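Residue numbers (our numbering), protein chains in the order written: chain A, 518 to 740; chain B, 10 to 247.
I should point out that these hints are in silico values taken from the structure, not numbers from a laboratory. One should not assume that every hint holds.
[Stated by the list, open to error] List time: in silico DSSO-like cross-link candidates among lysine-lysine, alpha-carbon distance up to 30 Å:
{"id": "1", "chain 1": "A", "residue 1": "668", "chain 2": "A", "residue 2": "709"}
{"id": "2", "chain 1": "A", "residue 1": "643", "chain 2": "B", "residue 2": "87"}
{"id": "3", "chain 1": "A", "residue 1": "643", "chain 2": "A", "residue 2": "714"}
{"id": "4", "chain 1": "A", "residue 1": "643", "chain 2": "B", "residue 2": "210"}
{"id": "5", "chain 1": "A", "residue 1": "714", "chain 2": "B", "residue 2": "87"}
{"id": "6", "chain 1": "B", "residue 1": "96", "chain 2": "B", "residue 2": "210"}
{"id": "7", "chain 1": "A", "residue 1": "643", "chain 2": "A", "residue 2": "668"}
This structure is a prediction, so every number in the text was calculated from the model and none was measured.
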Amino acid sequence: MNGIHDIGGMDGFGPVIREENEPVFHADWERRIYPLSLLTLRQLGVSADEFRHSIERMPPARYLTSSYYERWIAAVETLLLEHGVVTREEFRAALGDEGAGAIAKPAEGPPATSGARSKAPRARFKRGDRVRARNLNPPGHTRLPRYARGKAGVVVRDWGVFVFPDTNAHQAGARPQHCYAVEFDARELWGKPTSAKERVSVDLWEDYLESAATTGPKKGGKR
Amino acid sequence: MSHTHNPGDGGAGERHAAPMVEEITDFEVLEIAVRELAIEHGLFTAEDHRRFTEWAESVGPAAGSRLVAKAWIDPAFKARVMEDAVKACKEIGIDWAEPTGFGTPSDYMNLRVLEDTPTLHHVIVCTLCSCYPRPLLGMSPEWYRTTNYRRRLVRWPREVLAEFGLVLPPEVEIRVEDSNQKCRFMVLPVRPEGTENWTEKRLAEIVTRDCMIGVALPRPGRTADVHPVQKAGRPVQR
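From just these sequences and the hints, can you work out the full model?
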């Protein structure tokens with residue numbers, strides 16, 4: 518989904534705020550979140566993909582004004598509800614009238630196409646291939662950042678076979694497939710005035726990619 | 010539900026000289042409710058949670074520092090790190106498949122160490138969430154998780170690094186790694202001049218967390234990540 522989490526390349530929000538002598542945890546409850554989250558994922562059999570999607574579905578304004586650990590606890594609340602472990606009534610009783618957390622909305626559209634593959638998938642691309650990230654805008658979970666869509670890059674590594682987040686997050690099949698490190702020249706991503714000496718590497722699953730040799734501009738074209 | 014938790018219990022939080030969050034937020038209330046309901050419904054036990062919390066408190070960047078220092082001193086180890094970092098981590102006591110040692114889940118999928126050269130600098134971000142190599146570097150710093158870092162690093166790497174005090178010459182190429190998959194990344198910086206004949210332990214002291222994320226470079230005398238005075242705030246605050 519083109520959600521509030523997909524923010525790479527946005528401007529206008531000011532500098533990176535850093536903190537002097539930052540403690541690892543800012544409050545006691547923060548130190549409890551990571552264990553709480555991972556124990557919940559394990560016990561419910563929830564994938565990292567589904568967990569990430571439960572964060573992405575937070576109400577956008579709430580997402581922006583929440584801290585990292587606040588997003589995590591909101592996501593765990595969502596998962597406990599959606600997996601039927603805890604009811605809304607139980608949360609309401611525990612939190613009081615006004616205490617409801619940031620429960621994520623259900624996904625707005627249908628999950629991405631389903632269908633497990635039975636055979637071990639062969640790699641369609643290899644190191645050195647020019648590829649283009651497809652212009653995909655799925656309504657559900659995806660790990661194809663918006664800033665890379667439609668852009669051409671070069672495969673620099675084949676990571677091997679991984680489950681496909683776009684379906685796995687929705688329990689719509691693992692669709693294992695090759696995932697590649699694809700390097701993009703910053704000028705391809707952001708336009709000409711950008712420094713020539715900057716690259717961004719993104720890991721992209723095969724279903725995100727098409728060959729740039731047939732669909733993109735001529736290989737070696739000057740930008 | 011039973012209220013076993015005492016909200017007034019400062020506990021380990023008092024170790025910090027000045028906690029940044031003083032009042033009880035609704036997310037803190039939510040954490041208590043979620044944890045107690047999960048335990049009440051038998052999802053896990055309070056003891057499971059306590060042990061895991063202890064582990065989370067025990068991890069820090071020292072493991073990563075050791076890995077870098079060892080790689081600087083031992084070329085054969087460095088070759089193993091570049092070939093299979095997960096396997097090489099076992100040599101320094103880090104097991105990515107079973108980081109806690111008591112059957113707790115890991116967010117492990119893979120680890121890749123990115124080697125800097127005098128003309129190539131790596132820096133890591135996760136634009137879609139905040140993926141971070143916890144078994145090696147511990148819990149991520151708040152700035153790494155802020156939306157401003159996630160927004161800006163892929164677009165303005167040179168400028169963001171300069172804000173961190175790292176001004177790279179124009180001839181140095183910057184390679185930003187967007188940690189968007191489940192692989193985790195760590196930077197292996199160039200060993201700085203003036204560290205010849207240093208011991209592994211002494212070398213490890215200058216390999217700070219920020220050097221392994223890629224927003225700082227190690228140098229003799231720099232043993233801590235010191236940032237300008239800027240109070241952490243809500244992500245959209247200036």
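Evaluation of the provided hints:
1. A:668 - A:709: Given that 30 Å is the threshold and the Cα spacing comes to 14 Å, the pair holds.
2. A:643 - B:87: holds, 26 Å
3. A:643 - A:714: With Cα atoms ~24 Å apart, residue 643 of chain A and residue 714 of chain A stay inside 30 Å; holds.
4. A:643 - B:210: violated, 40 Å
5. A:714 - B:87: It holds: about 26 Å lies between the C-alpha atoms, which stays within 30 Å.
6. B:96 - B:210: holds, 22 Å
7. A:643 - A:668: With a Cα-Cα distance of about 18 Å, the restraint between residue 643 of chain A and residue 668 of chain A holds, given a limit of 30 Å.
Hint 4 from the earlier list is the only one contradicted by this structure; the remaining hints agree with it.
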